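K.L.:
Chains as they are written, first to last, in our numbering: chain A, 1 to 124; chain X, 1001 to 1315.
Among the hints, erroneous ones may be present.
Said to hold, decoys possible - Stretch by stretch, here's where chain A covers chain X in the computed footprint (C-beta under 8 Å, at least three residues):
no.	segment
1	1006 to 1018
2	1064 to 1071
3	1095 to 1109
By construction, these hints were calculated from the structure, which means they are not laboratory data.
Since the structure is predicted, the reported quantities are computational estimates derived from the model, not experimental observations.
A virtual CB, placed ideally from N, CA and C, is assigned to each residue, including glycine.
Chain by chain, the residues:
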Amino acid sequence: MSGVQFYNGGFGGGAQEMTAVLEPARAMFRGLIVERIMALEAYRKLVQHGENPQDELAKIAGIAHKISGVGATLGFFRTGQLAGVLDRAITENPAKCADVAYFQLVIDPMLESLLLEMESLLDD
Amino acid sequence: MKILAVDDDPIFLGVLLPMLAALGQTDVTIANSGEAALVKLSAESFDCLLLDIQMPGMSGVQLCAHVRNLPSHRRTPIVMISSMTGKRFIDDAFAAGATDYVTKPLDPMELKARVLMIERLLQERRLTAALEKKAEQRSDAITIKVDFETPFPIPGFERGIEYLALENYLLMLGNKRMYHTAAFGISVRNAHVYFKKSAPTCFVNTMGDVASAISDAVKAEQVMIAYAGSGNFVAVLSSRLSTELPELEAMIQSGIEDFASFYTADRLPLPQVKVGGLARASFFGVFNPTNILDHAMTLAQARPEAKHKSWWSAA
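Chain X on its own, in the form it takes in the complex:
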């Protein structure tokens, strides 16, 4: 794996590089500032970026946002490394496009887990790269493999982050800060129709149309959204929504109707969305922070009369 490590502290790099080498990662390029990193990124391509957040000049978060605008590194895994554990820093990093967040001082076992996660992600990237290429061609004649259940990054999803990044964000927040966090699901109720009746590329494009309508509807909201697979999107918010959920659902559905002519031409029904109620973490019991995502999606898929008995609360 070709890694670019960016940190202005030579001592930290003196710690990081031997740790990476012990994990078999020896193809590491270093840059001591955000500006120097951009120069290197314009000249060559990397599989993974490790960015310090607090650097003089361009911060790691600013660099991350710049990198996400580079076509060559739009999907490159970016791990932020910081001694800052405040929610503001974590929110800013993931909102700028970070894939993961590791705190200093570096725990070698944690670094090992992150490197393994990135290697897994890179395998998924290869699939995504193929998907994007096919999606651009908009050709149904080409066969690509997409699992209905598996989350995949949706090309052009402006407000979206990857599902894995969303999970990492919640894990970083930890249980304590989860009490201030809520999530809601957006389910495409007839997603299976597109998956069964049309080519995989068409399914990806349909989810892209829904993602576009979601991006427009949540433009004014502070949310992080990811496609979670099976026709479900999930959004995490840390402040109140300015729009009521039923209104949000209507806005998304209205946005989808802009694509109606394409669906009529293809003799396919329009995607029908349902926005679920808010899922919040309970004050009782030990739980995994990512459970809130599952619960949000369950609420979006549930029939109106269905009741949920769990230690989650739904507002």
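Just chain A, with the same shape it has in the complex:
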């Protein structure tokens, strides 16, 4: 197991015990990284080409939502944080984000940061 610390918030049973019980979920998370990177890249292209941008944005937000929901708990703090920022930015203003110019200027850099962070997890 890597040296990543799980976030257990002082939970009874100690960090090691929590680390062990969350290992299956952590393995699932890691196992989905490549698939999620590819999906995010594909949806990004569709938004940039203005093809149903709102629908594709919702899919991007959906993936970011899932990553942010568990990232920190499973020890992937930075990934979870970046995904959370992206999720909130899209969910709180979907119409504005669907504008290609706004997407390029504001949302795409957030997405790029998340993708780079996810790719870095593949190197661990």
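Dock chain X against the given chain A, drawing on the hints supplied.
P.N.:
Frame of chain A; chain X shown alone:
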């Protein structure tokens, strides 16, 4: 405790279930959509529901509203779990009937605190279930225990949420967003008369009559109201009232007068209500968001000439 956890993300469930198991909660059923959850709820009963908000198809908030229409789960504690911290999401969740709101990523200590809170709530539920049964029977011959001071959910209170849920709502909003929030109290000035002179069931029914009049009076307002115990109701609003408070008081009193014949028959006075001034959070000082509820109730109970010196402001 029998739990139904609803989330479309298997990884999140892979996090939630071991955390619950570490708290001794192993009787957990899972559903991966709102629709699947409703199927399970129609077949069996659960003590507690944990709902993700953002799911494809039926959202957690929509599911929560559906669940509140199921007689078997009208009072089941529902904890919403979401990474959304915006006020709109929190407002929608509590307005749909949520008992509590937890943010993702899950903090194990926070989950532990919530599970303990639910266990406490379930104990209160047992009392409520007995109350509802007796209230339906409308029988004064049956003895039930009701503390004057303790908040209890009022059967049939359409616009009401539980006091604990209202506290959780304010805690979720946090200090920063409290500056846009105000509260007012509605006090039944002669509540003690019903508690002392009549059976507990009659006291519960009287508070139910007042709750019904309040529901009618605030029909057009965006407020969250709870019964706070001791004959007091408290309402939290995040936008301006369309009705002035004295007018609201008159409307509630008028609604109560519709029940006059029942009170005359029972030789009891009509409930007399007083609506207090608006309580707002101050910009100064550190405070607990729920203090605004206490202050709103104090204002409703105060005599007109009374002055309050505190770091709260009353408009």
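K.L.:
With a cut-off of 8 Å between beta carbons, are at least three residues of the segment 1095 to 1109 of chain X near chain A?
P.N.:
With 6 residues closer than 8 Å to chain A, the segment 1095 to 1109 of chain X meets the three-residue bar; holds.
K.L.:
Are at least 3 residues of the segment 1006 to 1018 of chain X within less than 8 Å of chain A when you compare beta carbons?
P.N.:
Satisfied; 7 residues make the cut.
K.L.:
Quick one: see if chain A covers the segment 1064 to 1071 of chain X, three-plus residues with Cβ-Cβ under 8 Å.
P.N.:
violated (count 0)
Checked against the numbered hints above, the structure breaks only hint 2 and satisfies the rest.
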